[in-house]
Amino acid sequence: MAFTFAAFCYMLALLLTAALIFFAIWHIIAFDELKTDYKNPIDQCNTLNPLVLPEYLIHFFFCVMFFCAAEWLTLCLNLPLLAYHVWRYVISNFLHPINYETPAGSLEPAFLALGCRYMSRPVMSCPGLYDPTTIMNADILAYCQKEGWCKLAFYLLSFFYYLYGYVFHFRICPSC
Amino acid sequence: MSGFTNLNSSAGYSQNSTPNGGAAPPYQNGPVQTYPAMYPPAGYYGAPPQQQGYSTIPGHAAPAPNKAPVTNNAHSANYYHNNHQQQQNHLPQHRVAPSPYSAPLSSAPPSQPYAALPSAAPPPTNAHYNQQPFQPHPPYATPGSYYGQQSYHPSSARQHPSLVPVTASGPGAPLYPIVSYPSAPGSSQYGTLSSSQSTSAPVGMPTQMVGAPLHQYSAAPPPSTTAVQPGYGVGPPGQTAPTVVNGQGSAAQNAVHQHYTQSHQASLSYDSYSGVPPGSGGADTDQPPSGTPSTSVHSSPGHHQGVQYGYVANSGASSASATTSGPAAAAAAAAAAAAAAPSSSSSDDDEEEEDEDEEAGGDTSSSTTGSASPVPNSYDSLEGGSYPDSMPPSNDMTNQAAPYGSYGYPSMQSAYQQGPASHTDASPSHDLYGQSGYQQYSQPFPNLSQLSAALGGLSGVPELEVEALRPVNLLQERNLLPPRPLEAPEPNVSSDLKKVNCSPQTFRCTLTSIPQTQALLNKARLPLGLLLHPFRDLQQLPVITSNTIVRCRSCRTYINPFVTFLDQRRWKCNLCYRVNDVPDEFMYNPVTRSYGEPHKRPEVQNATVEFIASSDYMLRPPQPAVYLFLLDVSHNAVEAGYLKYFCESLLENLTKLPGDVRTRVGFLTFDSTIHFYNLQEGLSQPQMLVVSDIDDVFIPSHDSLMVNLKESKELVKDLLTSLPEMFSQTRETHSALGPALQAAYKLMSPTGGRITVFQTQLPTLGVGALQAREDPNQRSSAKGVQHLGPATDFYKKLALDCSGQQIGVDLFLLSSQYADLASLACMSKYSAGSVFYYPSFHYIHNPAQLEKFQKDLERYLTRKIGFEAVMRIRCTKGLSIHTFHGNFFVRSTDLLSLANVNPDSAFAVQMSVEDSLADSSLACFQAALLYTSSRGKRRIRVHTLCLPVVNQLSDVYAGADVQAITCLLANMAIDRSVSSSLSDARDALVNAVVDLVSAYKSNVSNLQQSGLVVPASMRLFPLYILALLKQKALRTGTSTRLDERVFAMCEFKTQPLQQLMRLVHPDLYRLDNMSDQGALHLNDTVVPQPHLLHLSAERLSRDGAFLMDCSNVFYLWIGKCCNEMFIRDVLGCPNYASIPPNMVSDSKRCIYVSPSMSGNDRE
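Chains A and B supply the protein sequences, listed in that same order. So in UniProt numbering, the last spot in the first sequence is 176, and the numbers never skip. So in UniProt numbering, the last spot in the second sequence is 1163, and the numbers never skip.
Any given hint might turn out to be false.
[Claimed, not checked] Cross-link-like lysine-lysine pairs, in silico, DSSO-like; alpha carbons within 30 Å at most:
#	chain 1	residue 1	chain 2	residue 2
1	B	Lys-713	A	Lys-35
2	B	Lys-644	B	Lys-713
3	B	Lys-644	A	Lys-35
4	A	Lys-35	B	Lys-797
5	B	Lys-797	A	Lys-39
6	A	Lys-146	B	Lys-797
[What the hints assert, rightly or not] Listing some non-contacts, in silico: residues in chain B with all C-beta distances to chain A over 12 Å:
#	residue
7	Pro-483
8	Pro-527
9	Asp-693
10	Val-767
11	Phe-794
12	Tyr-830
13	Ser-880
14	Met-911
15	Asp-915
16	Asp-987
17	Ala-999
[Said to hold, decoys possible] Cβ-to-Cβ under 10 Å is the rule here; a few derived chain B residues that face chain A:
#	residue
18	Thr-517
19	Tyr-577
20	Gln-687
21	Val-691
22	Ser-692
23	Lys-877
24	Ile-881
25	Leu-969
26	Val-990
27	Val-994
Quick caveat, the hints were computed from the structure, so don't treat them as lab data. The beta-carbon is built from N, C-alpha and C at its ideal position, and this holds for glycine as well.
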């Protein structure tokens, strides 16, 4: 048995992560363009929104694969991101974070608690996360950019991890 | 006379034509507008040349005849006679200056002013009559001799008025050249002439010279006749050195005319006045406001008429003032003497209507100048990089100015000097224009006073600061309110800068001292932000037509008063600190007719200026004014009965709709189907086309639904008359708003324009159908208010599409039931429209709402409008924009896309400090609004605000503007309550106050006082926040309909600060015991200034009458034991008992008199 299911999973994840890395880079570039005035937010959101669900689904897909392959460690590593995706797309609409700011102790002025909350998905008739009318808010833009960089880092690391996992499984299995 | 004018004008026009033809074709992408809203040119490119106002001669000419009826001659004739009478009538009153509120007359149709003349001419009128004596008088006949009369006596001057009328009509003929000048178009011609043609210059020259002084006289009230004298002192026409103030002023107008057509008005009115001081000494002191009214004058149509009939221009002016004085008197009468006081304080907002024509006036006059630019604009030249070689400075501007003495500036200046004076008269809008710079150069007389004023300012600053920082213990001090409504704090900058700084009504910052770093800002616990009212109706606005609009090469900032000139040839941008070259054209200084004084250009002397933009600033030819009305005619709408009143109002205001010959209108009605109206010219009556396929809306006929208003006026009138009857029997209860909006979008997308939607119920059919989401039982629940956000994104998407096609959508919601405003409002929110809401509207049962609807509608239809606009906000390097608030679409980090811009909407901007501002002592903000006027001119209105940067926390507090902070926080709280929850927003508001108090206590005040200590500048903060929490938008616990709450939120987002503050914390005055102490003397009325009262029951008394000014409504509260005399005088009822229970006054703003309220008094 030269090729275990686990090895197959890793190989698949490797390829898909490469795709996700492109997604992440695309996001970063897109938001950077927004920030530097190169693009119209409507156009930009129209190109970004269709990518959101595929990204989440791809990630979900190989999480399921790892689950099937009983790669618990890998699955655990991916769970936080999975949870984040679910939260970002579904739950944040219904869950309003409670305002914990206490005026005396916090470093941030209390009035910052006013203003737009940026996590929740806007009311939209099409899939996606980004609303052209709020995307230019400095907070949201900064958040999305940060999110893009974090994801890129995560996907890059996991890419090498999957590469390692793939090689590891591929190397181990022939011997057994 | 006409011969003369024609000569000039023809020359001017012929000049125009060539450059125009050349300039027309290139519509490249403007540097500013990059939005891909290109239309197939077919739309109106194909229009006959006359309609493309900007590119062809006829286009220019068209507006003038439009405005000036053929009957001009008759008018002018009348005019003279009237003048005479009035002069006599009014002479005694001269000192009593016209009220500053008499601003531009807008509502009156162009020809009206003349009709009005005989009736009511107020002081300014006489002023202008004065001028006439001089014209006919033989000595003055020839320009030379005229000017030579240096030693003229005031007394002799006074005699002339009586002679005037007689001579004016007869011998006046030879003099006409003189007369012809004042008209705006004429001036623009001169502008043209000067720029390219030298031969005709001499002709125009003397004319103008003479005309100018005339002007001056016209503006000057009798006392100024004395002042006139200096005017004579000007000496020979060519003489540059202005020895006498008045002379300068008058001559200045010539120069001014060429460049700022609008300022012309200002100078007209003001310089005469300012001229007075030297001449008549103390006499003028008691007539401060005189300048203002005549300012308005110019905006009047008379302006245009002047082209042909010199005097008439002035007559327009006088009549304008006449009419304007009318409203003032009426207002006084309506609101009683007492009510006038508050209204005076808010005059700007209230009387805005009247200055509408201001732009129109400027438009026509400036259009010629604008189009005259012979040098095609290139980016380089725009950026100030390359100098158009074709125009050596002498050629271009010296030419024009040389003959006229080019006093342009001083005149403006002197005009502006009035600023402070009128300021005291509660028309603060002027003060910012006061310019110190000029005086030193040109005006010997005011110098001293100026100096002392400056000194006073200097010494005053620290005092102010100390006062602002005085710790106030809120637990001990009970009287926190100032006696008069709170003014914006003055930024602590040098008095020179202070004078040129932008008006706080237009541009206001929450912290008038900008903290150096974000850390300091965080420490202060106050938000940093701007409150902007960029398209506000202004009474005076310098309009600049120049070939190159000077901007910074790297950040594209427009040159402004706060840049530094390193030397003659270079200036340093105050936002990015880049050193730029001064273009050649800019080097010319019209004040001294010399070359090399760029720092005296109007751009550098005014914080608010308007440029006429070249084709570089266009993506497509400027669009015509296009209005589409989308009317709900379902059973519910017919029941509410709004249609009749809408049609009446529109019929009445049809001619006053802002626009030119290209204006187009269309109508669409809908219930469960959509009805189009074919109004094509040539039809005998309007044709209704019904589209019942609402799932796939199509436009039945493409070219006949939006029709030219001028051509199809009769049909439009027909339709408006028959419309209310047409649907009176309808049984259709459904409303297909969504499909109707789609149809409207399709109809409008080739041109852009404005869609006005009237809706009376929840849309129930087709796309965009909504469900009732409100649970009436939850209206007063303290828990949380649901459904503040939209239920569907259909309206938002539609608005974004509209915004992309430069279509603004305004919504009038007249509904008695829940109509889900939260969803519907999106159509206006993102297309830069406005929302009006009339809860429980019914034409019989709710007369108050009906009244309000009619007033709003009238204002709405006639107010100024700008199309295809964008606004960019630039700020000093280190500051960055965080969030925008208002109705717009944010297209990039600092650019707002405004499909329509109207003078009633304001914006708020949250800022943050990104990098330390340590290396600069001043921070500047510039808002540039690029728009197409209703007459098809591309214009840029630029406001610049300059504030000091500080590194001390105490300084930050000293400069805090509590009203601006409250408004900004309110905007943020609205955002928060929509995206999170209402209770979050309320908590955060309260926390903001607690936070400030504790921060101030721990950081600044070293007194170990117990209790709540806040700096005096912020002493009203807790009060305002409490008031905010009681607003409909943010209150809990009290039953509030969802729609009303959402509407209140919309209001918060779009209302300008002054309105908003009165909404949040109304002004309360006691009326029955007013004294004349500290009263204002306006015109011939005395306006008492009652003290503000705390909004507390302890201030009310049974024997008093109180007026509460809530911005959009006045409440008059009559105590049970109120003086009967007062009741009789004010309300016309014999005694308290006979006051009708629901009395609604017919004034600009509704006044509810509620004696029933005073029932409480009995307890």
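Here's how the hints hold up against the structure:
1. For a cut-off of 30 Å, the pair hint linking B:Lys-713 to A:Lys-35 is broken: about 48 Å separates their Cα positions.
2. Proximity of B:Lys-644 to B:Lys-713 is assessed by CA-CA distance (about 19 Å); at most 30 Å being required, the pair is judged to hold.
3. Of the pairs offered as hints, the one joining B:Lys-644 and A:Lys-35 is violated, with about 49 Å between alpha carbons and a cut-off of 30 Å exceeded.
4. Distance hint between A:Lys-35 and B:Lys-797 is fulfilled; the C-alpha atoms sit about 22 Å from each other, no more than 30 Å.
5. Taking the CA atoms of B:Lys-797 and A:Lys-39, the gap is about 18 Å. The hint holds against a cut of 30 Å.
6. Restraint check for A:Lys-146 and B:Lys-797: the C-alpha separation of about 27 Å stays at or below 30 Å, so the hint holds.
7. Every CB of chain A is more than 12 Å from the CB of B:Pro-483 (nearest about 30 Å), matching its label as outside the interface.
8. A beta-carbon of chain A is positioned within 12 Å of the beta-carbon of B:Pro-527; the least distance is around 5 Å.
9. Against the 12 Å criterion, B:Asp-693 stays outside the reach of chain A, whose nearest CB is about 22 Å from its own CB.
10. With a closest Cβ-Cβ approach of about 10 Å to chain A, B:Val-767 is found to fall inside the 12 Å limit, against its non-interface label.
11. Residue placement check: B:Phe-794 does not keep its beta carbon more than 12 Å from all beta carbons of chain A (closest about 7 Å).
12. Not every CB of chain A is more than 12 Å from the CB of B:Tyr-830 (nearest about 6 Å), against its label as outside the interface.
13. The Cβ of B:Ser-880 does not lie farther than 12 Å from every Cβ of chain A; its closest approach is about 7 Å, which violates its non-interface assignment.
14. For B:Met-911, the condition that its CB be more than 12 Å from all CB atoms of chain A is violated, with the nearest at approximately 10 Å.
15. Non-interface status of B:Asp-915 relative to chain A is upheld: no Cβ of that chain comes within 12 Å, the nearest being about 15 Å off.
16. Remark: the non-interface label on B:Asp-987 conflicts with the geometry, its nearest Cβ contact in chain A lying 6 Å away (cut-off 12 Å).
17. At roughly 8 Å, the least C-beta separation between B:Ala-999 and chain A is not larger than 12 Å, which violates its mark as non-interface.
18. Checking B:Thr-517 against chain A by beta carbon gives a least distance of about 14 Å; that is not within 10 Å, so the hint is violated.
19. The interface hint given for B:Tyr-577 is broken, as the beta carbon of that residue sits about 20 Å from the closest beta carbon of chain A, more than 10 Å.
20. A cut of 10 Å between beta carbons decides the hint on B:Gln-687: the least distance to chain A is about 36 Å, and the hint is violated.
21. Look at B:Val-691: its Cβ only gets to about 24 Å from chain A, farther than 10 Å, so that hint breaks.
22. Evaluation of the B:Ser-692 hint against chain A yields a violated restraint, the C-beta minimum of about 25 Å exceeding 10 Å.
23. With a least beta-carbon distance of about 16 Å to chain A, the hint placing B:Lys-877 at the interface is violated under the 10 Å criterion.
24. Against a cut-off of 10 Å between C-beta atoms, the interface hint on B:Ile-881 holds, since the closest Cβ of chain A lies about 7 Å away.
25. With 10 Å as the threshold, the beta carbon of B:Leu-969 comes within range of chain A, its nearest partner Cβ sitting at about 6 Å, so the hint holds.
26. Hint on B:Val-990 holds. Least Cβ distance to chain A is approximately 9 Å, under the 10 Å limit.
27. Of the supplied interface hints, the one on B:Val-994 holds, with its beta-carbon coming within about 5 Å of a beta-carbon of chain A, less than 10 Å.
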